[in-house]
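Enquirer: Whole structure, please, built from the sequences with the hints as guidance.
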Amino acid sequence: MKYIDEYRDPALVAGLLKKISKVSDALASPVTIMEICGSHTYAIGHFGIRKLFPANINLISGPGCPVCVTSSRDVDIALYLASQENTIFATFGDMLRVPGTNSDSLQKRRAAGADVRVVSSADECIELSQSNPQKEVIMMGIGFETTAPTIAATVEHCRKKGIKNFSVFSVHKIVPPALCALIADPLLNIDGFLCPGHVSTMIGSDAYKMITQADRAAAITGFEPVDIMEGIWMILSQIESGKKEIAIQYSRGVRPEGNIRAMNFLKSMFQMATVEWRGLGPIPASGLVFNNTYAAFDALKKFDIPEIHSVEIKGCGCGDILRGIKAPQDCPLFKKACTPMNPIGPCMVSSEGTCSTHYKYY
Amino acid sequence: MNYDKILLEHGGGGLLSNELIAEKFLPHFNNAYLERLEDSAVLTIGSRKFCFTTDSYVVSPIFFPGGNIGSLAVHGTVNDLSVCGGKPLYLSAGFILEEGFPVDSLDKIIKAMAEAAADAGVKIVTGDTKVVSRGAVDGIFINTSGIGIVEYPGTLSIKSIQSGDAIILNGTIGDHGAAIMKARENLGLVADILSDSAPLNDLIASILKASPNIHCMRDATRGGLGAILAEIAKSAKVRIDISEHSIPVQENVRGICEILGLDPLFLANEGKMVLFCPAADAHIVLSAMKNHKYGKNAAVIGSVGNIDKGRVVLKTIIGGERIVDLPTGELVPRIC
Numbered sequence: 000m001k002y003i004d005e006y007r008d009p010a011l012v013a014g015l016l017k018k019i020s021k022v023s024d025a026l027a028s029p030v031t032i033m034e035i036c037g038s039h040t041y042a043i044g045h046f047g048i049r050k051l052f053p054a055n056i057n058l059i060s061g062p063g064c065p066v067c068v069t070s071s072r073d074v075d076i077a078l079y080l081a082s083q084e085n086t087i088f089a090t091f092g093d094m095l096r097v098p099g100t101n102s103d104s105l106q107k108r109r110a111a112g113a114d115v116r117v118v119s120s121a122d123e124c125i126e127l128s129q130s131n132p133q134k135e136v137i138m139m140g141i142g143f144e145t146t147a148p149t150i151a152a153t154v155e156h157c158r159k160k161g162i163k164n165f166s167v168f169s170v171h172k173i174v175p176p177a178l179c180a181l182i183a184d185p186l187l188n189i190d191g192f193l194c195p196g197h198v199s200t201m202i203g204s205d206a207y208k209m210i211t212q213a214d215r216a217a218a219i220t221g222f223e224p225v226d227i228m229e230g231i232w233m234i235l236s237q238i239e240s241g242k243k244e245i246a247i248q249y250s251r252g253v254r255p256e257g258n259i260r261a262m263n264f265l266k267s268m269f270q271m272a273t274v275e276w277r278g279l280g281p282i283p284a285s286g287l288v289f290n291n292t293y294a295a296f297d298a299l300k301k302f303d304i305p306e307i308h309s310v311e312i313k314g315c316g317c318g319d320i321l322r323g324i325k326a327p328q329d330c331p332l333f334k335k336a337c338t339p340m341n342p343i344g345p346c347m348v349s350s351e352g353t354c355s356t357h358y359k360y361y
Numbered sequence: 000m001n002y003d004k005i006l007l008e009h010g011g012g013g014l015l016s017n018e019l020i021a022e023k024f025l026p027h028f029n030n031a032y033l034e035r036l037e038d039s040a041v042l043t044i045g046s047r048k049f050c051f052t053t054d055s056y057v058v059s060p061i062f063f064p065g066g067n068i069g070s071l072a073v074h075g076t077v078n079d080l081s082v083c084g085g086k087p088l089y090l091s092a093g094f095i096l097e098e099g100f101p102v103d104s105l106d107k108i109i110k111a112m113a114e115a116a117a118d119a120g121v122k123i124v125t126g127d128t129k130v131v132s133r134g135a136v137d138g139i140f141i142n143t144s145g146i147g148i149v150e151y152p153g154t155l156s157i158k159s160i161q162s163g164d165a166i167i168l169n170g171t172i173g174d175h176g177a178a179i180m181k182a183r184e185n186l187g188l189v190a191d192i193l194s195d196s197a198p199l200n201d202l203i204a205s206i207l208k209a210s211p212n213i214h215c216m217r218d219a220t221r222g223g224l225g226a227i228l229a230e231i232a233k234s235a236k237v238r239i240d241i242s243e244h245s246i247p248v249q250e251n252v253r254g255i256c257e258i259l260g261l262d263p264l265f266l267a268n269e270g271k272m273v274l275f276c277p278a279a280d281a282h283i284v285l286s287a288m289k290n291h292k293y294g295k296n297a298a299v300i301g302s303v304g305n306i307d308k309g310r311v312v313l314k315t316i317i318g319g320e321r322i323v324d325l326p327t328g329e330l331v332p333r334i335c
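These protein sequence lines are chains A and B, in that order. Following numbering that gives the first Met the number 0, the numbering of the first sequence begins with 0 at its first residue and continues without gaps. Following numbering that gives the first Met the number 0, the numbering of the second sequence begins with 0 at its first residue and continues without gaps.
Be careful, since some hints might not be right.
As the list claims (entries may be wrong) - Once the Cα atoms are required to be at most 25 angstroms apart in a straight line, the calculated BS3-like pairs of lysine-lysine come out as:
id : chain 1 : residue 1 : chain 2 : residue 2
1  : B       : LYS314    : B       : LYS292
2  : A       : LYS334    : B       : LYS208
3  : B       : LYS208    : B       : LYS289
4  : B       : LYS208    : B       : LYS122
5  : A       : LYS335    : B       : LYS23
6  : A       : LYS334    : B       : LYS308
7  : B       : LYS314    : A       : LYS50
8  : A       : LYS159    : A       : LYS300
9  : A       : LYS334    : B       : LYS233
10 : B       : LYS158    : B       : LYS233
11 : A       : LYS243    : A       : LYS17
12 : B       : LYS48     : B       : LYS107
13 : B       : LYS314    : A       : LYS17
14 : B       : LYS236    : B       : LYS308
15 : B       : LYS86     : B       : LYS289
16 : B       : LYS308    : A       : LYS335
17 : A       : LYS266    : A       : LYS208
18 : B       : LYS208    : B       : LYS86
19 : B       : LYS122    : B       : LYS107
20 : A       : LYS325    : A       : LYS50
21 : A       : LYS335    : B       : LYS233
22 : A       : LYS335    : A       : LYS300
23 : B       : LYS23     : A       : LYS334
24 : A       : LYS335    : B       : LYS4
25 : A       : LYS50     : B       : LYS308
26 : B       : LYS236    : A       : LYS335
27 : A       : LYS134    : A       : LYS159
28 : B       : LYS158    : B       : LYS48
29 : A       : LYS334    : B       : LYS236
30 : A       : LYS163    : A       : LYS266
31 : A       : LYS18     : B       : LYS314
32 : A       : LYS21     : A       : LYS50
33 : B       : LYS158    : B       : LYS23
34 : A       : LYS266    : A       : LYS159
35 : A       : LYS1      : B       : LYS314
36 : B       : LYS158    : B       : LYS4
37 : A       : LYS266    : A       : LYS243
38 : A       : LYS334    : B       : LYS4
39 : B       : LYS236    : B       : LYS23
40 : A       : LYS160    : A       : LYS243
It is worth saying that the hints were derived from the structure and are not from the lab.
Expert: Okay, structure coming up:
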């Protein structure tokens, strides 16, 4: 398939592996590279990339799965909203099985009668709202800078068309503040970051300056095997030469300044707020909440959310796994009490979750 | 089972389906025929061996590119009989119709069933019709049962699989699942994808004629090739090695999978089967398959390794390795 096969070419992969081996032979000590993005975690597992690398390269997974970093409290609020009378709760499929307090989930609420619909795009909510005028359609707004503009576009469309029975429960988060938290984490010592290709098409490479300021290596990378291999090689080369930069491997999509129009659009609708990330805790200015102009589309303002007593899951290692200080195999629940069939933490649910990837592919 | 209510996923052909069968149905219905959990029960009556199977069809939409619920209901049951080595003979058909269902749609479905039955050389010899009030079913559900006669001398069963067996697939995977996805969702995709729904009895008859040494056959329906192989590996307690490179997938199916983030390994098929035979027989079996219209794209996709806890290991296109396990999560519900 054109534009896919080129990036999965076994000969190119073999050539890059040779280059990686050569640089890794010259390294003084083992290096730790974090892939921030869940799509990278998935691709590395799916294509069986990890085993191909030399032993002195340690790949760890970061907090870049939006479903996984959603706090228990946010899941509980989603469950509350989905169970209100005369509502249709629209969500991306990954969210369906994510457990909140007491292992409750949207999937279980749906089986109990809640009208929960899986959508593949926010704009499906426009048709849902128009064909169900007597109901409120609530979309779970989840995702980083890549997904947020698509949901924002749906909100803007509804505002222009005067559609009033649509709202969004925004748990959107942005990536750079989480990176600052990871760099500052005393338990972590990451030599290089494999930065997310798609998020970077939006925020641009300029958004990652904190990485070079902290003297760490970085490459913004696509999601195909050749992309990932080349990204890793770029990071290793920076470590070897000592010259740190934000390399753009994914040059077919990423510019230094990013997508200014989309980012300005987000700024016109949302304001930054301190929000809770599972595993990382509260991070200042890392969440997107509706500003006053768009308050009519804010599910948190449209519905009276009662005091919800959320409980984090006991014994679940997702928090430490999302920070990269533990691997799934270090969690006592992994593959025992916690399986994809009976997930205890969110990292076992999402296809991009670190635990799910390790369970499925290793 | 960790649930007090049935979830859609319990019908998905993945882990939860297996759990439902193992923990709820088997303990009550258990007998030597059922516990084999093959596609059909093989029964001995007098000196003859028969195979017997049943399946319910709830596909949505009921008309899809390449077939409809009627032709599917015939093909599915014919194939479940055929992979157990049976020559399908007679089918039953039970209809549950929703009040208000258009009679011209019913006409089209019945006509497709009759044509599919004639094509497969089987007769629909008994039936039942129920009509329920609006909303109690979604248009039309069909159940078919089938009976066939087993004359193959070998024992076709997961238990017959041996280390060193070759694994052969009769063609491209994921066509049915992708066709249903495309017909159902308003995806705005232009690719033309036809379901592979087809009767495999004639193909299987020529395979069984070509080699007396076939060990096991399965049709790769719900859960796709990946789920069937994972189930077989666990049940036979062997390692299965397959190569991504050798598994045929149509370009348009790959395209839809790339866009939607689906894995063709786990997409449903309705005209695909996978078989296990000694490596020495692989060549004659493969050429028998390639000479048949439903086996033109047949390929050896892997082999059975040693005794193991039951893993399927896929060699990826770039030479890496990954495990293929039973799917979890919502796949594409109501694909058959």
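Enquirer: Against which earlier hints does the structure fall short, listed by number upward?
Expert: 1, 2, 12, 22, 36, 37, 40
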